[in-house]
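Asks: Here is how the chains run, residue by residue.
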Amino acid sequence: MKMKKMLSVLLGIMLIASMILTGCKTKETNNNKDEETKTATETGTETATEEPVVESAKKIVVFQSKVEIIDQLEAAAAEYKAETGVEVEVWGTTGDDYLQQLKLKLNNNEGPTVFSLAPGSESDELAAYLADLSDVSFVGDIAANMADESEGKVVGIPYTVEGFGVVYNKDLIDASKMTSTEAFATMLKDQKAAGINGFSLSQESYFLIGHILNTPFALQADAKTYVEDLIAGKVKMQDTKEFVEFAQVMEAVRENTQNPLEVNYDKETGDFATGKSASIHQGNWAYGMFKDYNVGFEMGMMGLPLNGNQSIAVSVPTCWYVNSQASEAEIQAGKEFLEWMYTSKTGQRYLTEEFGFIPVLTTMVSTSLDPLSQEVARLTAEGKTIGWPMNAYWPAGIVDVYLVPVAQEFFTTDMTGEEFLAALTDAFVQAGK
Amino acid sequence: MKKKANIAWYLLFVLPLVLIFTTVVIIPFIIGIGYSFFEWDGMRLNEKIFIGFDNFAKLLTDANFLTSAGKTILFTLFAIVAINILGLAFALIVTSKLKVRNVARTMLFMPYLIGGLILGYVWKFIFSDVFSSLGESTGITGVFFNWLLNSKFALVALIIVATWQMAGYIMIIYITGIQGIPEEVTEAAKVDGAGFWQTLLKIKFPLIMPSFTICLFLTVSNCFKIYDVNLALTAGGPARSTEMFAMNIYNEIFSLSNYGYGQAKAIVFFIVVAIITLIQVSITKKKEVVM
Chain A
1 MKMKKMLSVL LGIMLIASMI LTGCKTKETN NNKDEETKTA TETGTETATE
51 EPVVESAKKI VVFQSKVEII DQLEAAAAEY KAETGVEVEV WGTTGDDYLQ
101 QLKLKLNNNE GPTVFSLAPG SESDELAAYL ADLSDVSFVG DIAANMADES
151 EGKVVGIPYT VEGFGVVYNK DLIDASKMTS TEAFATMLKD QKAAGINGFS
201 LSQESYFLIG HILNTPFALQ ADAKTYVEDL IAGKVKMQDT KEFVEFAQVM
251 EAVRENTQNP LEVNYDKETG DFATGKSASI HQGNWAYGMF KDYNVGFEMG
301 MMGLPLNGNQ SIAVSVPTCW YVNSQASEAE IQAGKEFLEW MYTSKTGQRY
351 LTEEFGFIPV LTTMVSTSLD PLSQEVARLT AEGKTIGWPM NAYWPAGIVD
401 VYLVPVAQEF FTTDMTGEEF LAALTDAFVQ AGK
Chain C
1 MKKKANIAWY LLFVLPLVLI FTTVVIIPFI IGIGYSFFEW DGMRLNEKIF
51 IGFDNFAKLL TDANFLTSAG KTILFTLFAI VAINILGLAF ALIVTSKLKV
101 RNVARTMLFM PYLIGGLILG YVWKFIFSDV FSSLGESTGI TGVFFNWLLN
151 SKFALVALII VATWQMAGYI MIIYITGIQG IPEEVTEAAK VDGAGFWQTL
201 LKIKFPLIMP SFTICLFLTV SNCFKIYDVN LALTAGGPAR STEMFAMNIY
251 NEIFSLSNYG YGQAKAIVFF IVVAIITLIQ VSITKKKEVV M
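Listed in order, the protein sequences are those of chains A and C. Residues 1 to 433 in this note's numbering are what the first sequence spells out, letter by letter. Residues 1 to 291 in this note's numbering are what the second sequence spells out, letter by letter.
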């Protein structure tokens, strides 16, 4: 008798288990169906334009990496819902592991409809997941070379432009004298003698080595070929003038300023805002950090003077992408959301005023740029800009895994500039394998 | 009839666990072995290229992986010794006639309840900020400087934090072992004139051998697998000097997107840990005595 009872319990368990398993199965077939219809419509759009209008979804998910705008984006999503009735759910992130989380979600078919990536090696890696956005109405208005294109199709819509370089205190540094590496090193010594920290990096990977190493790469005549040759072992940083000067700057920084490994972003920006540091290597995004301080001086931006360089690095840090694996209705809704953000009055207000973005559409103007963004806009207008090979050509993941350890070694031992360059060259060879 | 009913009960309790264990451990593990023969970046839509044993061959020449392995072994050796000695000492103290033993027990166990990440950040502050300002104010810069910027001291710092976290947990296991020793035995030893050390070495240690087996096993496997404290405290720095196995694998897979290669590393890592812990368990098992 007892046994019968047990058996029925067991049977029950089996039943539930099989239900769960078949549940998975049906879901899978659903997804396959999605893919099929998707490829079908893709080929459809290429041949015929009179494709039936797709009903757009009532709810989409946005997942993006820019931590500073999450609250504002949620507010924008609320207004979007009020205006159109479509719910936009914004997923939060701490920023550090955004890419890993995104990949996991895309892989599990739980991916967001709209997401962000850095155009370049990141978007190349996920190219299969990027929907074609060429038919979005404002694509033609995006400023030249700013949209992320893949095989002739626009897949990424730029957030903003950002520029980084030496952010300096105009009371302490005369930018017109910073024309050579020697002048920069002398400035560091003079500031040190005056009891001020002349220049500051900070311990976070990009602020420590990623951004500053971008400059000598961007100064090469053809950065793409240079990176390829570097990985193939055909060129070495030790033999390239800009890099040798870069190493001289780094040596001077190690000698005359506080150890960047003991400085974090908060301290770096705080010391600058309070006049304890004369300059920092940062970009216009850092202005948000100064809002809490009563900054009593004028600040400017200039290029790191390697080989006489005067240009700052300006590019698109992040683009919006739509998930090609989402259902057709969701893709449509995702495109509509982006359209609303870039073309409607409310959306544009959020972009320029709330997010503080520098407009990327030729049809848009912003009247509310902060001082550092104004500097970026001014230098861009003067043509004093260089690119961001670090996003476009460096092997993915190299900064955190390969470059940071080298920089840490440089700042904790007394390795020479030449050994430093040799180690960096090695890092590229290893990462590029 | 009765026997069959027993089997049914047995199945009822074991089957769900077996099911869960199979779906979340065994199956992924087998799939993982499969992936280690491919060159793949982990994205479903991207191409997988079968490359046979190339990933494993590459391991032997991967200098970063080998140094990381060396550091992990070094860390594990020191951490096991420190954790077990401290855990045992704590256990002996709180099972003695000490007045504050219950409070002490709670306090000593507390660090284990704090997550490894938080613990790591707390100690990061201590080792970098507190230590350097102590050095500045006292002038004893030989001891008080930023430990996390020195490759040797950073490893020591990691050992200290791991010990701080694990010792309390290990203590609990030793306590149960010590409390399991019958009073008559220790009393008889006392009557026979055995001192503290004699009782400890000749009576208590042999009788708590099963606890040693468990504690050593737990510490060996936990120290090999350490990740959270490692991430929060040093993040592998400075210059990879504290990059443990688990972090090396995580970076390979998730930062560099070498899914297949990272998976190969993980398989090798598993085999190494399995062999070492099996050897350890079989050795300490032999030493266990039956009353």
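FYI, nobody ran anything at the bench for these hints, they're computed from the structure. Think of the CB as a built atom: it goes at the ideal place given N, C-alpha and C, for glycine as much as any other residue. Don't take every hint at face value.
Derived pair list, reagent style DSS-like, types lysine-lysine, alpha-carbon separation capped at 25 Å [what the hints assert, rightly or not]:
#1 A/K267 - C/K124
#2 C/K285 - C/K225
#3 C/K48 - A/K105
#4 A/K189 - A/K177
#5 A/K105 - A/K59
#6 A/K433 - C/K190
#7 A/K177 - A/K433
#8 A/K345 - A/K66
#9 A/K345 - A/K81
#10 C/K99 - C/K190
#11 C/K225 - C/K58
#12 A/K291 - A/K170
#13 A/K234 - C/K58
#14 A/K234 - A/K433
#15 C/K58 - A/K433
Across the chosen pairs, the derived CB separations fall in these ranges [unchecked claim]:
#16 C/I30 - A/I70: 35 to 43 Å
#17 A/E255 - C/G115: 47 to 55 Å
#18 A/I70 - C/E39: 30 to 38 Å
With the C-beta cut set under 10 Å, the calculated list includes, among others, these residues of chain C facing chain A [unchecked claim]:
#19 L45
#20 A63
#21 N64
#22 S128
#23 G142
#24 F144
#25 N146
#26 L148
#27 L149
#28 S151
#29 N251
#30 S255
#31 T284
#32 K286
Asks: Evaluate each hint against the coordinates.
Replies: Here is what the structure says about each hint:
1. A hinted pair counts as satisfied when its Cα atoms are at most 25 Å apart, and A/K267 with C/K124 qualifies at roughly 16 Å.
2. Between C/K285 and C/K225 the CA atoms are separated by roughly 23 Å; this keeps the pair inside 25 Å, and the hint holds.
3. Our distance criterion of 25 Å between C-alpha atoms is met by C/K48 and A/K105, whose separation comes to about 19 Å.
4. A distance of roughly 15 Å separates the Cα atoms of A/K189 and A/K177; the hinted pair therefore holds under the 25 Å criterion.
5. Among the hinted pairs, A/K105 with A/K59 is consistent with the structure: their alpha-carbon atoms are about 17 Å apart, no more than 25 Å.
6. Using a Cα cut-off of 25 Å, the hinted pair A/K433 and C/K190 is violated, with the two alpha carbons roughly 68 Å apart.
7. For a cut-off of 25 Å, the pair hint linking A/K177 to A/K433 is broken: about 42 Å separates their Cα positions.
8. Using a Cα cut-off of 25 Å, the hinted pair A/K345 and A/K66 holds, with the two alpha carbons roughly 22 Å apart.
9. The suggested pairing of A/K345 with A/K81 holds, with an alpha-carbon distance near 15 Å, which does not exceed 25 Å.
10. For the hint linking C/K99 to C/K190, the alpha-carbon distance of about 22 Å falls within 25 Å, and the restraint holds.
11. Of the supplied pair hints, the one linking C/K225 and C/K58 holds, its CA atoms being roughly 22 Å apart against a limit of 25 Å.
12. Distance restraint check for A/K291 and A/K170: the Cα-Cα separation of roughly 18 Å lies within the 25 Å cut-off, and the hinted pair is therefore satisfied.
13. Under the criterion of a C-alpha separation no larger than 25 Å, the hint pairing A/K234 with C/K58 is consistent with the structure, at around 23 Å.
14. For a cut-off of 25 Å, the pair hint linking A/K234 to A/K433 stands: about 14 Å separates their Cα positions.
15. In summary, the hint linking C/K58 to A/K433 is supported, as the alpha carbons are separated by about 11 Å, within the 25 Å threshold.
16. Distance hint check: the CB atoms of C/I30 and A/I70 are about 40 Å apart, consistent with the given range 35 to 43 Å.
17. For the hinted restraint 47 to 55 Å between A/E255 and C/G115, the CB-CB distance of approximately 40 Å leaves it violated.
18. The hint said 30 to 38 Å for the Cβ distance between A/I70 and C/E39, and at roughly 36 Å that hint holds.
19. Among the interface hints, the one on C/L45 holds; its C-beta lies about 4 Å from the nearest C-beta in chain A, closer than the 10 Å criterion.
20. A hinted interface residue such as C/A63 counts as satisfied when its beta carbon comes closer than 10 Å to some beta carbon of chain A; here the least separation is about 9 Å, so the hint holds.
21. A distance limit of 10 Å between C-beta atoms decides the matter here; for C/N64 the minimum to chain A is near 8 Å, and the interface restraint holds.
22. Of the supplied interface hints, the one on C/S128 holds, with its beta-carbon coming within about 7 Å of a beta-carbon of chain A, less than 10 Å.
23. Interface hint status for C/G142: violated, as the beta-carbon distance to the closest one in chain A is roughly 17 Å, over 10 Å.
24. At its closest, the beta carbon of C/F144 sits 14 Å from a beta carbon of chain A; the interface hint therefore is violated under the 10 Å criterion.
25. Given hint, C/N146 at the interface with chain A, holds; its Cβ is 6 Å from that chain's nearest Cβ, closer than 10 Å.
26. A cut of 10 Å between beta carbons decides the hint on C/L148: the least distance to chain A is about 8 Å, and the hint holds.
27. Of the supplied interface hints, the one on C/L149 holds, with its beta-carbon coming within about 5 Å of a beta-carbon of chain A, less than 10 Å.
28. Among the interface hints, the one on C/S151 holds; its C-beta lies about 7 Å from the nearest C-beta in chain A, closer than the 10 Å criterion.
29. Hint status for C/N251: holds, given a least beta-carbon distance of 5 Å to chain A, under 10 Å.
30. Of the supplied interface hints, the one on C/S255 holds, with its beta-carbon coming within about 4 Å of a beta-carbon of chain A, less than 10 Å.
31. Below 10 Å, beta-carbon pairs count as interface contacts, and C/T284 has none with chain A, the closest being about 38 Å; its hint is therefore violated.
32. For C/K286, the interface hint is violated, the least distance from its beta-carbon to any beta-carbon of chain A being 40 Å, above 10 Å.
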